[in-house]
Amino acid sequence: MSKIRIVEYSPEAATEWSSFVQSSRNGMFLFERDFMDYHSDRFADFSLMIYEGTRLLAVLPLNRVGSEVYSHGGLTFGGMVFENKMSSSKMIEVFLEVSSFLLSKGLDKLTYKAIPHIYHSMPSQEDLYCLTLMGANLVRRELSSVIDYRDVASMSTNRKRILKKSHKYPIEVVKSQSFERYWLLLESVVSKYGVRPTHTHDEIKLLAARFPNSIHLYEAELDGELQAGVVVFDNKHVVHTQYLATSESGKENGALDLILSKLISEYQGERRYFSFGISTENAGQYLNMGLVRQKEGFGARTIVHDTYEVSLDTAKLKLEAFSEQV
240 MSKIRIVEYS
250 PEAATEWSSF
260 VQSSRNGMFL
270 FERDFMDYHS
280 DRFADFSLMI
290 YEGTRLLAVL
300 PLNRVGSEVY
310 SHGGLTFGGM
320 VFENKMSSSK
330 MIEVFLEVSS
340 FLLSKGLDKL
350 TYKAIPHIYH
360 SMPSQEDLYC
370 LTLMGANLVR
380 RELSSVIDYR
390 DVASMSTNRK
400 RILKKSHKYP
410 IEVVKSQSFE
420 RYWLLLESVV
430 SKYGVRPTHT
440 HDEIKLLAAR
450 FPNSIHLYEA
460 ELDGELQAGV
470 VVFDNKHVVH
480 TQYLATSESG
490 KENGALDLIL
500 SKLISEYQGE
510 RRYFSFGIST
520 ENAGQYLNMG
530 LVRQKEGFGA
540 RTIVHDTYEV
550 SLDTAKLKLE
560 AFSEQV
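Just so you know, the numbering used here puts the end of the sequence shown at 565, numbered straight through with nothing missing.
Certain hints may be false.
Unchecked claim - Ranges of calculated distance between the beta carbons of each label pair, as one might list FRET restraints: (1) T439 / Q261: 22 to 28 Å; (2) S258 / D280: 22 to 28 Å; (3) V543 / R281: 25 to 31 Å; (4) Y277 / H406: 35 to 41 Å; (5) A253 / Y525: 37 to 43 Å.
Think of the hints as simulated: they come from the structure by calculation, not from any bench.
All residues carry an ideal CB built from backbone N, CA and C; glycine is no exception.
Could you put the whole structure together from the sequences, leaning on the hints where they help?
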């Protein structure tokens, strides 16, 4: 009989959960409860904690919708987060017990957003092999652009030209706490495309206060006027940029390129990857060519963010059959 024990997450376990994420080999601050729970009213949390005896082996951020369970909807991705000692055979056992547990709770399907490999501190794709054994289907693939500091592609001629133009202006790039001011610019820019930032300025201020070493705002100013900005999420060995925006004058003077160039240089030697995030829409079926060219112009190249779906009945049967063979 398996010694694996599955426990539904409860707020009393917040410290244990977050401490485990910090020491895991594929976790990041986005999986800590102080980040996940800021919007706890929007999702029916069904996160799991997986133990062997009293030792915590893994955590799985999930939310429930009817008879289905999803990698947490408040996260860009959120697969199994596990300890350094996790082996392939143990992961198979873990997924078998998780599948059985979810079925016992009246759930019939799992949607799983895998953690991209750049966020792993060591190889950590045991979960992907398990998904294959379980009969999971790849249902979504997003294109994301990343600079690998170990081998950086050269900057494009166009990006060099814009960056050279920015140096003609006395633009100052500063780390800022003026989230409210910056959000006015950001919202005015993205509203043209009929969207809103995922976080409000109050939410991003709250998260930046909770994670002062991980969330930063950089702004470009010219004569005291805001020209452009970038929010940075610093995840151990990956620095990720999001919420990029530039004013009309910033477009003319290349302020955003200047910020990005400075950030790329600043983190070189300190981080392994510099992430620009995805350039796809409509579940990966539409690629914004202008956006991805801009990112590739800085030397970024492609990784993918994958999402899988699996029937829990099928998963349990397949994993049981596999386990009997070994």
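List of violated hint numbers, smallest to largest: none
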